[in-house]
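S.K.: Join the two chains into one complex using the hints; note that each chain is given alone, in its own frame.
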Amino acid sequence: MSKIVVENLKYKYPATDFLALDGISFSAKAGEFIGIIGKNGSGKSTLCQAIAGLVPNFYKGSYGGKVMVDDIEVKNVDISDLCEKVGTVFQNPFNQVTGSKLTVYEEISFGLENLGIPKEEMIQRIDEAMELLDITKYKDRNPFDLSGGQMQRMAIASIIAMQPEVIVLDEPTSQLDPQGREEVYQAVQKLSKKGITIFMVEHNMEKIASYSDRVLIIDDGKQIAYDTPQKIFSRDDLDEYGIEAPAFTKICRELGKKNPVTGCYPVTLEEANDLLKKDKGEM
Amino acid sequence: MDNNKILEMKALHFSYTEGDEILKGLDFVIDERSTAIIGQNGAGKTTFVKLLKGLLRPTSGSIHFEGNDIANMTVAQLAKHIGMVFQNPNDQIFKNRVIDEVMFGPLKIGMAESVAKQKADEALELVGLKDLAEKNPYDLGLSSRKLVAIASIIAMDTKVIIFDEPTIAQDYHGKELIKSVIRKLRFEGKTVITIIHDMDFVADTFERAIVFAKGNILLDGTTRDVFAKEDILKEAYLEQPNVTKLCQSLGYDEVFLTTEEFITYQKAKAK
Ligand SMILES: Nc1ncnc2c1ncn2[C@@H]1O[C@H](COP(=O)(O)OP(=O)(O)OP(=O)(O)O)[C@@H](O)[C@H]1O
Ligand SMILES: Nc1ncnc2c1ncn2[C@@H]1O[C@H](COP(=O)(O)OP(=O)(O)OP(=O)(O)O)[C@@H](O)[C@H]1O
Ligand SMILES: [Mg+2]
Ligand SMILES: [Mg+2]
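Going down the list, the sequences are from chains A and B. Residue 993 in the working numbering sits at position 45 of the first sequence, and the numbers go up by one each step. Residue 376 in the working numbering sits at position 182 of the second sequence, and the numbers go up by one each step.
In isolation and in its complexed conformation, chain B is listed as follows (with noise of 0.2 Å):
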């Protein structure tokens, strides 16, 4: 089905400096479903995102947006489709007020200062951080400075919306929160991408996994299926989330994602 894809690339490749090729030809195809690209530091994740914003360019091949080639858009035109919150809040925050932060992408790419306003109270809200609108955001600690970055981009109701280790420095009921803003943004029909190291999450929050090794895709499935690949996880210095190794260890040839799900099946079976 054609409108399933979203963003399509094509024999993808990129390098920062000649001869150090970082993304080595990658053919794939993001769709509806919610995404986790997972894999080791260095793999190219965050420089694949780079490359769907349009801050970097492909050294060779394609992205198709939609199914026009992004090469015929600038940074700010792809800026009203594909939002994206980056690794480090630092490189995103810049105004001296909460509430100007999150409205700033909204106006950027045209949205009147009124609807702007309303984007950017909903996303606080979203994000639990409404009282904090009139704060300053460098005397926010990491935590809260990231779900600012979160709820900047929320704010921009762009098609896709990218997270680079949104879990950074949250406690339990901040990656709890997060989860839920997640499928709430693929419920309204946004396609969400983000790169993640907490395979626990991965495990209970998404659809799809896809793992980069080396500038490679080693693993594309849904997460149930990609979670069953333990030996080709280690090679791509992964792990199975904790139960899921829980439950191997045991000698359960079922594969389960979550410790409600072993819980339920171990219950279900003492009847």
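Isolated chain A, as found in the complex (with noise of 0.2 Å):
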């Protein structure tokens, strides 16, 4: 059964004569971590907005095709009301801080208040979301005098204590330090284990590679292809996407090492490691 399908979805935005999305149709099971890939411009941030609801009911435009999350077609819904279901980390964190807010504490218990939890219930949850960002110290401080990365986790805490069903992070670790950046994507795979479905969207190819069950690539707001990373890596034409493969598979494609059993290149550290280290010993 699947938790969202999207089927051959076309969009404009108001005033532009091309399509942002131009007949994406794919669909992604309960618990699954789906990468999004594709150059800048491609159609990244558009269809994660059409994930939330926001395209077409905040942006408008001219849409076609359909979005279902469970047996709910997302446009025909209120976003608000989506937003106990599908959650966002935007793009650019220093637009989502509400600017209402005078603490970190109270910008997290935003999104929560209107929720209607029980008071008990929202303070551990807001707890938890600061501790794993590891935020905890800034509760009481002004979100604007926060460091940029600061920003960021307090932007992925606040959207976490909301535990929606689905979470689509747009570019979430950006400004992350290299260890909180591991630690997010260790964080959002445990919510995905759980049965969270999450969609990321990021040019960190390595990440992409080692935390995605599947991985889709746009291009141009074309759907180019959907599948495991390794298949995805392994492509001559990525190219022309302007998609560069991890290290990793830049490394071993160059040594015409591939996985025997897979046929496929070596995507994470690990598989290039376990195919690379008998050559080392042999020398």
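Since the hints were derived computationally from the structure, they do not count as laboratory data. Quick reminder that beta carbons are idealized off the backbone N, C-alpha and C, glycines included. Hints may contain errors.
Straight-line alpha carbon distances no greater than 35 Å define the calculated DSBU-like cross-link-like pairs of lysine-lysine that follow [as the list claims (entries may be wrong)]:
no. : chain 1 : residue 1 : chain 2 : residue 2
1   : A       : Lys-1087  : B       : Lys-384
2   : A       : Lys-1155  : B       : Lys-384
3   : A       : Lys-1179  : A       : Lys-977
Here's a subset of chain B near chain A, in silico, CB distances under 10 Å, partners left out [said to hold, decoys possible]:
no. : residue
4   : Ile-232
5   : Thr-241
6   : Asn-282
7   : Asn-284
8   : Lys-311
9   : Gly-335
10  : Ser-337
11  : Asp-358
12  : Thr-361
13  : His-391
14  : Met-393
15  : Pro-435
16  : Ile-457
17  : Gln-460
Simulated DEER-style distance windows between Cβ atoms [as the list claims (entries may be wrong)]:
no. : chain 1 : residue 1 : chain 2 : residue 2 : range
18  : B       : Thr-268   : A       : Lys-1087  : 43 to 49 Å
19  : B       : Gly-445   : A       : Asp-1075  : 40 to 46 Å
20  : A       : Phe-1092  : B       : Glu-212   : 18 to 24 Å
21  : B       : Lys-218   : A       : Lys-1087  : 20 to 26 Å
22  : B       : Thr-458   : A       : Glu-1188  : 36 to 42 Å
23  : B       : Ile-426   : A       : Asp-1075  : 31 to 37 Å
24  : A       : Thr-1176  : B       : Thr-458   : 28 to 34 Å
25  : B       : Tyr-459   : A       : Phe-1092  : 45 to 51 Å
26  : B       : Asn-410   : A       : Gln-1134  : 48 to 54 Å
M.R.: Structure below.
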């Protein structure tokens, strides 16, 4: 049973003359971790907005096809009703801050207040989310006095605390330090193991490769491929779509090392290590 | 060599609020090498470069630009020598036309209109945004807006150029473009300081890396030396570049910084 089904989705922003999304069709099961990749302007954020219902209900424009979350057709429900089910971490954390809240704590509780959750549970969820993103010590700080990465952590914590069934993350770790980024990926993977469906937009292909169950390539609004990371990054035409394979894949491709079982190039450090270490031993 | 001291920090301390010190006595020199500043979220990187621009002033200690204490210079005077691309482009951009935005800085530091126009055109060309000159920056996506912010600073033609997280939102092509911009600026004799969390980018692009941790400098050296120190990097919430990690797990003693380096090495060995 699919959690999300996207069928021949087409979309044009108002006052533009091109399709930002042009015939996207895929489905994802509950708990799947889906990576979305493609060059700047290819339509990744627009697709995120379409899953969250902001396209078309907030942005308007012309829309065709459909997006289903369970048995709900996204364009037929209020954005505010859908956000209980689908949470979004926007591309630019600087835009996510409401600006109306005085502290980090209030900022994170903002989304929860509208959900009608008992006070006690609210407090517990906020504390957990802040702990997870390592920002507990800033809870009384004004959000605008945080560093860039701390602000991004707050944006992620706000969504995680709401415990939606689907989480859409649009380049959520672009300003995190390397270990913080890894921790966020592990935390998100844990959520997906609990059954939460994840959509992750990311330009860091090593992370996409090691965490995604399936990867969607978009180019110029069109769906190019939807497959496992191994299959995706073994393609010969990634250049055309402005995508660089993970460092491990590039190395193994140049050295002609495919995984004999799958016929694909390795995409993670562990896979590459297993294939290459035999070589080193022979030298 | 004295002329290599572009910027010198002497016992530099800074706090936003009393009792919570962000920079805890930095003593170091920025020279002509292209330099990456790396470190944990909240380590004080953005704070440090705001001090270089005079946007914040030290709680104690001093910063010297080409030998002069910048305490004696106004923000406007400093702007002629030190340009900075903000982490958040929204903090920087406020004009309604890309070309006006990019010309604003050059005009502000006293360039003639015609020179400013020429510098702005060149900068937009360099970052590949020539066709967007007439657009409204607010209609652009984050990646293009960041490039507008970069062009605006390059057009000012300052001796020192600071990039705070230049690769945010950039795709593969955008990152390669920014690498080439940094190399070009370095070649032209500019001093380029870049704050960045992308270790592969650092390994490929910079001569020197400085690791900030909790208001101190934990490591400072050539990129290769810094990325050899796995344990210290961990302590600073950093990682080695991907290829460095792989080669380490394969048991190589050499420190490889780029995939090309490792591939070349392997191919040579196979012969
Ligand atoms: N609000 C808007 N109005 C009009 N056009 C828009 C709007 N937002 C995005 N677009 C256009 O739609 C296309 C897809 O943009 P989108 O932001 O979805 O790309 P993206 O893949 O997320 O890019 P990036 O990697 O830069 O974030 C682009 O051509 C963009 O200029
Ligand atoms: N205006 C402010 N008032 C009080 N504290 C601040 C202010 N701005 C930043 N801070 C704090 O100072 C510390 C250093 O912040 P800074 O922005 O320099 O970090 P950074 O190293 O640039 O981090 P990042 O990698 O997340 O951008 C952080 O803990 C931050 O919360
Ligand atoms: Mg986007
Ligand atoms: Mg910063």
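S.K.: State for each hint whether it applies.
M.R.: Going through the hints against the structure:
no.: 1; hint: Lys-1087(A) to Lys-384(B); in the structure: violated (41 Å)
no.: 2; hint: Lys-1155(A) to Lys-384(B); in the structure: holds (34 Å)
no.: 3; hint: Lys-1179(A) to Lys-977(A); in the structure: holds (19 Å)
no.: 4; hint: Ile-232; in the structure: holds (8 Å)
no.: 5; hint: Thr-241; in the structure: holds (8 Å)
no.: 6; hint: Asn-282; in the structure: holds (5 Å)
no.: 7; hint: Asn-284; in the structure: holds (6 Å)
no.: 8; hint: Lys-311; in the structure: violated (27 Å)
no.: 9; hint: Gly-335; in the structure: holds (6 Å)
no.: 10; hint: Ser-337; in the structure: holds (4 Å)
no.: 11; hint: Asp-358; in the structure: holds (8 Å)
no.: 12; hint: Thr-361; in the structure: holds (8 Å)
no.: 13; hint: His-391; in the structure: holds (6 Å)
no.: 14; hint: Met-393; in the structure: holds (6 Å)
no.: 15; hint: Pro-435; in the structure: holds (8 Å)
no.: 16; hint: Ile-457; in the structure: holds (4 Å)
no.: 17; hint: Gln-460; in the structure: holds (6 Å)
no.: 18; hint: Thr-268(B) to Lys-1087(A): 43 to 49 Å; in the structure: violated (37 Å)
no.: 19; hint: Gly-445(B) to Asp-1075(A): 40 to 46 Å; in the structure: holds (43 Å)
no.: 20; hint: Phe-1092(A) to Glu-212(B): 18 to 24 Å; in the structure: holds (20 Å)
no.: 21; hint: Lys-218(B) to Lys-1087(A): 20 to 26 Å; in the structure: holds (24 Å)
no.: 22; hint: Thr-458(B) to Glu-1188(A): 36 to 42 Å; in the structure: violated (26 Å)
no.: 23; hint: Ile-426(B) to Asp-1075(A): 31 to 37 Å; in the structure: holds (32 Å)
no.: 24; hint: Thr-1176(A) to Thr-458(B): 28 to 34 Å; in the structure: holds (30 Å)
no.: 25; hint: Tyr-459(B) to Phe-1092(A): 45 to 51 Å; in the structure: holds (48 Å)
no.: 26; hint: Asn-410(B) to Gln-1134(A): 48 to 54 Å; in the structure: violated (28 Å)
Consistency with the previously given hints fails for numbers 1, 8, 18, 22, 26, ordered from lowest to highest.
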